[in-house]
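*Asks:* Sequence:
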Amino acid sequence: MPFITVVPAIRTIPGVEEFDYAVDANADFQVGDILRVTFRKKLIPAIVFSKKVDSVYADRAVHIHNSAPLLRLGEAAVHLLQSASEQTFTSKPTLFHAWIRKVPVRASPHTPSPKKLNQHVIPLRETRYLV
Numbered sequence: 747m748p749f750i751t752v753v754p755a756i757r758t759i760p761g762v763e764e765f766d767y768a769v770d771a772n773a774d775f776q777v778g779d780i781l782r783v784t785f786r787k788k789l790i791p792a793i794v795f796s797k798k799v800d801s802v803y804a805d806r807a808v809h810i811h812n813s814a815p816l817l818r819l820g821e822a823a824v825h826l827l828q829s830a831s832e833q834t835f836t837s838k839p840t841l842f843h844a845w846i847r848k849v850p851v852r853a854s855p856h857t858p859s860p861k862k863l864n865q866h867v868i869p870l871r872e873t874r875y876l877v
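In short: position in the sequence shown from 1, add 746, done, that's the numbering used here.
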């Protein structure tokens, strides 16, 4: 069973920044994906920091049942998180929490509805001229 190491978007104690989770062999998680993980009995967003074949914490690892990530940021986001953490002397979870804040439960549409589009139209005034 493969494992992924994630950095949760929650403040943790100093020195404890990464957590291992077990995933299915056919799971399509890549480094830099944002997904929801169970942490302290809550579902919180986390970024995949690395993928592993084996883990030291294999006997205690929580299994992730998510089938797809919420967002794919790519490996560049992980490198940016790592370097920003080192340069600012801030833990990776605290920094990631500051970046992400809150992931919506349900994605909202990015395009306004036609009804809302017409709300911002300025009505033309009739101009009357005195002759």
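It cannot be assumed that every hint is accurate.
What the hints assert, rightly or not - When the alpha-carbon atoms are kept at most 20 Å apart in a straight line, the in silico SDA-like pairs for lysine to any residue are as follows:
hint	residue 1	residue 2
1	Lys788	Lys798
2	Lys797	His811
3	Lys798	Glu821
4	Lys798	Ala768
5	Lys798	Val783
6	Lys788	Leu816
7	Lys788	Ala807
8	Lys797	Ile759
9	Lys798	Glu764
10	Lys797	Asp766
11	Lys797	Thr834
12	Lys787	Glu821
13	Lys798	Ala771
14	Lys838	Arg782
15	Lys798	Gly778
16	Lys788	Ala771
17	Lys788	His809
18	Lys797	Phe835
19	Lys798	Pro748
20	Lys838	His811
21	Lys797	Gly778
22	Lys787	Ala822
23	Lys798	Thr784
24	Lys838	Pro760
As the list claims (entries may be wrong) - Between beta-carbon pairs, the in silico distance windows are:
hint	residue 1	residue 2	range
25	Val808	Ile759	29 to 39 Å
26	Asn772	Arg847	10 to 20 Å
27	Val799	Phe835	30 to 40 Å
28	Val799	Gln828	27 to 37 Å
29	Asp805	Val762	25 to 35 Å
30	Val799	Gly761	32 to 42 Å
31	Val762	Thr834	25 to 35 Å
32	Arg757	Ser829	16 to 26 Å
33	Pro748	Gly820	14 to 24 Å
34	Arg847	Asp805	17 to 27 Å
35	Gln776	Trp845	15 to 25 Å
36	Ala771	Ala844	15 to 25 Å
37	Asn772	Arg806	18 to 28 Å
38	Asn772	Leu816	15 to 25 Å
Rather than coming from a laboratory, the hints here were simulated on the basis of the structure. Each residue gets a CB set at the ideal place from its N, CA and C atoms; glycine is no exception.
*Asks:* Each hint should be assessed against the structure and marked as holding or not.
*Replies:* Checked hints:
{"no.": "1", "hint": "Lys788 to Lys798", "in the structure": "violated (24 Å)"}
{"no.": "2", "hint": "Lys797 to His811", "in the structure": "holds (16 Å)"}
{"no.": "3", "hint": "Lys798 to Glu821", "in the structure": "holds (15 Å)"}
{"no.": "4", "hint": "Lys798 to Ala768", "in the structure": "holds (10 Å)"}
{"no.": "5", "hint": "Lys798 to Val783", "in the structure": "holds (17 Å)"}
{"no.": "6", "hint": "Lys788 to Leu816", "in the structure": "holds (16 Å)"}
{"no.": "7", "hint": "Lys788 to Ala807", "in the structure": "holds (16 Å)"}
{"no.": "8", "hint": "Lys797 to Ile759", "in the structure": "violated (23 Å)"}
{"no.": "9", "hint": "Lys798 to Glu764", "in the structure": "holds (13 Å)"}
{"no.": "10", "hint": "Lys797 to Asp766", "in the structure": "holds (9 Å)"}
{"no.": "11", "hint": "Lys797 to Thr834", "in the structure": "violated (26 Å)"}
{"no.": "12", "hint": "Lys787 to Glu821", "in the structure": "violated (28 Å)"}
{"no.": "13", "hint": "Lys798 to Ala771", "in the structure": "holds (11 Å)"}
{"no.": "14", "hint": "Lys838 to Arg782", "in the structure": "holds (17 Å)"}
{"no.": "15", "hint": "Lys798 to Gly778", "in the structure": "holds (14 Å)"}
{"no.": "16", "hint": "Lys788 to Ala771", "in the structure": "violated (24 Å)"}
{"no.": "17", "hint": "Lys788 to His809", "in the structure": "holds (14 Å)"}
{"no.": "18", "hint": "Lys797 to Phe835", "in the structure": "violated (25 Å)"}
{"no.": "19", "hint": "Lys798 to Pro748", "in the structure": "holds (6 Å)"}
{"no.": "20", "hint": "Lys838 to His811", "in the structure": "violated (24 Å)"}
{"no.": "21", "hint": "Lys797 to Gly778", "in the structure": "holds (10 Å)"}
{"no.": "22", "hint": "Lys787 to Ala822", "in the structure": "violated (30 Å)"}
{"no.": "23", "hint": "Lys798 to Thr784", "in the structure": "holds (19 Å)"}
{"no.": "24", "hint": "Lys838 to Pro760", "in the structure": "holds (10 Å)"}
{"no.": "25", "hint": "Val808 to Ile759: 29 to 39 Å", "in the structure": "violated (18 Å)"}
{"no.": "26", "hint": "Asn772 to Arg847: 10 to 20 Å", "in the structure": "violated (32 Å)"}
{"no.": "27", "hint": "Val799 to Phe835: 30 to 40 Å", "in the structure": "holds (32 Å)"}
{"no.": "28", "hint": "Val799 to Gln828: 27 to 37 Å", "in the structure": "violated (21 Å)"}
{"no.": "29", "hint": "Asp805 to Val762: 25 to 35 Å", "in the structure": "violated (18 Å)"}
{"no.": "30", "hint": "Val799 to Gly761: 32 to 42 Å", "in the structure": "violated (25 Å)"}
{"no.": "31", "hint": "Val762 to Thr834: 25 to 35 Å", "in the structure": "violated (18 Å)"}
{"no.": "32", "hint": "Arg757 to Ser829: 16 to 26 Å", "in the structure": "holds (20 Å)"}
{"no.": "33", "hint": "Pro748 to Gly820: 14 to 24 Å", "in the structure": "holds (20 Å)"}
{"no.": "34", "hint": "Arg847 to Asp805: 17 to 27 Å", "in the structure": "violated (34 Å)"}
{"no.": "35", "hint": "Gln776 to Trp845: 15 to 25 Å", "in the structure": "holds (18 Å)"}
{"no.": "36", "hint": "Ala771 to Ala844: 15 to 25 Å", "in the structure": "violated (34 Å)"}
{"no.": "37", "hint": "Asn772 to Arg806: 18 to 28 Å", "in the structure": "holds (23 Å)"}
{"no.": "38", "hint": "Asn772 to Leu816: 15 to 25 Å", "in the structure": "holds (19 Å)"}
Against the hints set out earlier in the document, violations occur for numbers 1, 8, 11, 12, 16, 18, 20, 22, 25, 26, 28, 29, 30, 31, 34, 36.
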